[in-house]
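Participant: Now for the letters of each chain:
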Amino acid sequence: MHKSLALWTALAATMILTGCKPGGADQGPVILIGSAAPLTGEIAHLGKDNENGVRMAVDDINAAGGVKLGDKTYHLKMVGEDDKADPREGTLAAQKLVDEGVLAVVGHLNSSTSIPASRIYADANVVQISPSSTNPKYTEQGFRTTYRVLANDNQQGAVLANFAASEMKVKRVAIVDDRTQYGQGLADVFERDVKEKGVNVIDREFTTNKATDFNAILTKIRSMKPDLVMFGGMDSVAAPMAKQMKELGMKSQLLAGDGSCDPGFITIAGDASGVLTCSMAGRAIEKMAKGEDFAKRYKAKFGTVVQLYSPYSYDAVYVIVEALKRAGRPDRQALVDAMPKTNFEGVTGHIEFDEKGDLKNGEISVYDIKDSKLNLVASFH
Amino acid sequence: MGATATAEPSNHPAPPGGRTPPRVLGAMIALGAALIVLPWAIGAFGDAWVRALCFVTLYVMLALGLNIVVGFAGLLDLGYIAFYAVGAYTYALLASPHLTEHFPALAHAFPAGLHVSIWVTLPIGASLAAAFGILLGTPVLKLRGDYLAIVTLGFGEIIRIFLNNLNAPLNFTNGPSGITLIDPVRIGSFNLAHPGTVLGMHPSSLVLYYYLLVAVALLAILVCVRLQDSRLGRAWMALREDEVAARAMGVNVRNVKLLAFSLGATFGGVAGGLFAAFQGFVSPESFSLNESIIVLSMIVLGGLGHVPGVVLGAVMLALLPEALRHTAVPLQDALFGRVLIDAEVLRMLLYGLATVGIMLYRPRGLWPAPEHGMRRAFGRVAAANGEAAKAVSGHG
Amino acid sequence: MDTLVQQVINGLVLGSLYALIALGYTMVYGVLNLINFAHGDVLMIGALSALSAIGVLQGAWPGLPGWTLLLLGMTAAIPVCIALSLVIERVAYRPLRNAPRLAPLITAIGVSILIETMAMLIWGRNYLTFPRLLPDAPIHLGNATISVTKVVVIVLAALIMGALLWLVQSTRLGRAMRATAENPRVASLMGVNPDSVIATTFAIGAGLAAVAGVMMEATYQVAHFYMGFIPGLKAFTAAVLGGIGNIAGAMVGGIVLGLIEALGAGYIGQLTNGIFGSNYQDVFAFIVLCTVLILRPSGLLGERVADRA
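Chains as they are written, first to last, in the numbering used here: chain C, 1340 to 1720; chain D, -11 to 384; chain A, 132 to 440.
This is chain C alone, in the form it adopts within the complex (with noise of 0.2 Å):
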C-alpha cells in the first residue's frame, strides 16, 4: 500500500508539474484563440469539423503574416478543448480556456453547452462566437459577450415555413423531430409558422438524435398521406430517414434545415437522397468564390469533407480578428467593445450583429438535391 501510494503521489506530482509548464518555443507575442466543441462522442464528427475551421482559419491568418496590431505583428494560436457536448464539460472546458488567457473563443456547438458556458465567458470578459448554436436564449441571456455567426431557430424556422407555404405549396404535413434543442426548436417555429399560413399540420411525431430505425413513425406517416414532411434535425438521422421514406413506398417530399443540407446527407441516403428540399444559414459554398475555395483546400489539409458548420468557425476567427485590428491591442474588454461594430464578408455570407448578438439580416439559402449535389433553388434575408 506504501509502495503504490507513492506511486500514485508522483504520477500526481508530475502530472500537475507538466500541467503548469509554459507553453511551446518563443514564436514572438501571441494572440490565444480558443476552440470548444465537442471533440468525442456521438457529435464527434461535427465537433472536430467546428474545431479544424478554427485551425484553418488560424493557419491561413498566420501564413498571411500574421495580426498587425499597433507596431507589434502577433501570431495567433488555437487552443482547442473537448466539452463532449455536456454542459458540465463545457463549463470545465470554458473555464481552462478563460484561465489560460484567450482572448475570444469561437464555441461552443450546441446551444445547452453554449448557455452555461456563456456565463463563464461574460464575467471574464471573453467574447464568445458560437458557429453553430440556435437555440434563442443563447442571446437572450443579457451579456455583451455573446454572438453567433449563423441564424437562429426563429430565423430558419419562419423561412422554412415560407417556403413550404408559398413556394412547394403544400395542404398536409407533418412534423418529425429529434427531440434536441435544435431540431424541436425549429420544428416548433415551423409549426407555428407554417399553421399561420394556412397548412394543415397533419400529424406530430418524434424520434432521437440516436435511432436508426424510423419504420414505425413514418407507417404511422404514410397512412395519413401528406404531401411534406418536414424534420428537424441532423443528417444522421434525416439520411437513414429518407432511405425508410423510399422503402415504405411514401411519396412525400422531405424538408430539413441546416443540420441536414449537407454532403453527408446525400453520400448516406444516396439514391434516396433526391427527396430532400433544406435550408442552410448562409450563402451556398458553390456561390462564393471563396466558398469552393474553402470546401477543397478543407479536404486537402484534414483529409475528410466539410461536414457542417466548419465554414461558421472559420468566419468566426476572421470576425474576431477584424474586431481585434479594430481595437487596436490585445485586450479582451477592447475587443468586447469593437464587436459590435462587426461588418464583414465571409465564406458563409455577410456577417453584421443586431444588438443581441444575433446575425442580422442573415441570408438563409433553400437547396434540393440534383446529381446528387445539392442545388440552389431561393435566397431569403
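One or more hints might be untrue.
[To be verified] Below, a sample of chain A positions facing chain C; criterion: calculated Cβ distance under 8 Å:
1. Q137
2. Q138
3. Y258
4. R306
5. V353
6. I361
7. E392
8. A393
9. N404
10. G408
Read the hints as simulated data drawn from the structure, not as lab findings. Here a beta-carbon is modelled for each residue, glycine too, at the ideal position from N, C-alpha and C.
Using the hints provided, position chains D and A relative to the given structure of chain C.
Facilitator: Leaving out everything else, chains D and A in the frame of chain C:
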C-alpha cells in the same frame, strides 16, 4: 477514599468501529485544514481547478447517496441520476423566469418573478426526490439482481424522457432547451455568484461555492457514517448479505428497502438543487444513463459500501478527466516534443484503462471496507469450498 | 389494418435484430452471471470490420454480386469479433471470476470506453455508409411493403435461433454449456472444462453479435463508432424481459421488445388521445417491461440458473 486498584477511566471512550479518536481527530483536523486551504492553493493553477473541485463535491454527494442503495442495502440501481434531475429541476423551476414566462397565472401571483431561496427549495427538492425513491422502490420489491438493474435503468430513462418532453401541451420543463437564468445561491443579501467585497477582500465566486459545497458534502458524509452504524444501517447490511435470513430475523424488508431508495434519493435531490444553482442552467442532457454509470463506477472503484472509499472513488474519477485535460498535451510535449495522440482521445483511453486497471488490481475497490475477524476466517474456510467464496466475497 | 400489418413487420425486423444481440448477452450471463456491457461494442466492431472488408473486396473485384459481398463481409467480421471477445474475456473477466459481483460490470464499462475510442481512431468520427448490396425495390404485401434485406434479417435470425436451440438442447457442447450454467464445479467433476465452455460461449455470442452488426448496417445503411451503445442497451432489456440466462427467453424477449417499440410508436398517440406521442415510445417499452417483471419477476420465460439467494 477508594484505594481499590480501579483502572483509570479510559481516556479513550468506547469508540465506534474500534478506531482510536486521537488519531482520527488529528487526521480530521489535518483534512479540514487542507480542505480550507485547497481552493487557494489549487486556484493558483487556474480557476478551472476550483470549478472542477466544486463538481467533485457534487459527485461525492451523489456517490454517497448511491452507496446507500447499492453499497449498504445491496440494491443495484442503474438509474440513480433521476433523483439528481428531480432536485435540479425543482430548484430550476422555483428560481428562474421559466414558469412565470409560460404560465400567466403565476406571473400575476408573483409579479417580481419566482425567486424561491435555495434554503427553502433544497428541502422541497430532497422530499420530492425521496417521494420518487419510494415510487421507484415500491414496484421493485420482489426483484433481484439484474432484473432490478434493468428496471432502475428504465426508471432513470423514463424521468429523463419526461423532462425532455414535458413542454407540450403545457410547458413545464421547456423540453430539450432546458431552463436558463437560474438564480445563484443567496445567503441573505449575499449573492454567491457576484460576491463583491467581503471584509475588504474580493473572494472569487467559485471559492465561495466550493466552501458551501464542501460543507454540505461533509454533512452528507457525517449522515452516512451515522446511518451506517445505526439500526437501519445494520438492517441494510443484513438485507444485503442475505435477504431471506434477514426477513427471518425480523427485519421489515419492505420498509428497509424503501428507506434505502428514498434516503439515497434525498442525497441526489440535494446535490441536484445545488448543481442547478451553481451552473445556472439545466437541461435533460446532464442526466443521462452515462452519468448514472459514472456514479456507479465511482463507488465500485472506490470501495463499495465503505464511506471513505466511496469518497475517494468520487474524487478520483471526477478529477482524473480534468487532470488529463490539463496534462495530456504538455506531458506529450515534454516527453516526445509534439502531440502524438490528440488530448481528447488520450483522455478517453486513459480513463478506460484506469477503470479496467483499478478493477483488475483491486477488485474490491481502492479502499474497501476492512474485513472483520469472523468474515476473514470464514472467507479462508470458504475459499477451500469454492462455492461460498463467491457468496462472501460478493459483498464488499 | 394495413398500418397494423406494416407495424408488425417493422416490429419483427427490429425484434429479430434485438434477439440476435440479446442471445449473446443471455448466453454469457448463463455461464458467468455477468452482464457483458461491452457486447454492444463487439457488435460495432463487427459491423465496421465488415464494412472495411467489403470496401476492400469491392475495390479488388468490382464485379462481385451483392449477396457474395454480404456473406464475405460477415465471414470477415465473425473472426474479428470472436477474437476481440476472447481477448476481453481473458483479460478483463477471467481474473475477476471470484471478485465481487459488480467488479466485472465496471471493467466491462472501461473496456467499452476503450473499444469505442479505438474504433473512433481507426474508422474516424464520421458516419459511414454501407453500400446497397441487396436489391432495394420495395416488395408489396397488400398495402404493406418490405424489402429483401428485411426478409433476410427475419429469416436469418429465425434460422440462427433454431440452430442455437438445437445446439443447446441436442449436442454435447450444449449439454456442457447447460451444465456449466447450473454449477461449474460439479460440471468440471463430470469432465467438462468450464474455462473452455465459457470461452466457446463467448465466441458464439460474439459471432452472433457480428451477424447482428452486419445485418443492422445492411438494413439502415449507416455505421458509426458509437452505433453499438443503444442496440446493446435494448438487447439487454430484451434479454431481461425474456428471462436472463434463458436462450429461448432472449429470442422471445427480443421479438416482443421490437413489436412493443413499433406498435408503441405507431399507436401511443391514438391510445392516449394525443396526450402522449411517439416521443414516449421508450417510456412505453419500459413500462411494459416493468409490468411484466412485476407480474413475473423472473422474466417471461423464467430464469434458467438456480436462484442464488
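Participant: Now look at each hint and say whether the structure bears it out.
Facilitator: Structure-based check of all given hints:
For Q137 (chain A), the shortest C-beta to C-beta distance to chain C is roughly 5 Å, which falls under 8 Å, so the interface hint holds. Using the Cβ-Cβ criterion of 8 Å, the hint placing Q138 (chain A) at the interface with chain C is satisfied: the shortest such distance is roughly 6 Å. At a threshold of 8 Å, the smallest CB-CB gap from Y258 (chain A) to chain C is about 5 Å, leaving the interface hint in force. Violation of the interface hint for R306 (chain A) is found here, the shortest Cβ-Cβ separation to chain C being roughly 37 Å, above the 8 Å cut-off.
Restraint check, V353 (chain A) versus chain C: the minimum CB separation of about 6 Å is within 8 Å; hint holds. Checking I361 (chain A) against chain C by beta carbon gives a least distance of about 5 Å; that is within 8 Å, so the hint holds. Below 8 Å, beta-carbon pairs count as interface contacts, and E392 (chain A) has one with chain C at about 7 Å; its hint therefore holds. Below 8 Å, beta-carbon pairs count as interface contacts, and A393 (chain A) has one with chain C at about 4 Å; its hint therefore holds.
Residue-level restraint check for N404 (chain A) is violated (minimum Cβ-Cβ distance to chain C is 14 Å; threshold 8 Å). Taken as an interface hint, G408 (chain A) checks out: its beta carbon lies about 6 Å from the nearest beta carbon of chain C, inside 8 Å.
Violated hints, in rising order: 4, 9; the structure is consistent with all others.
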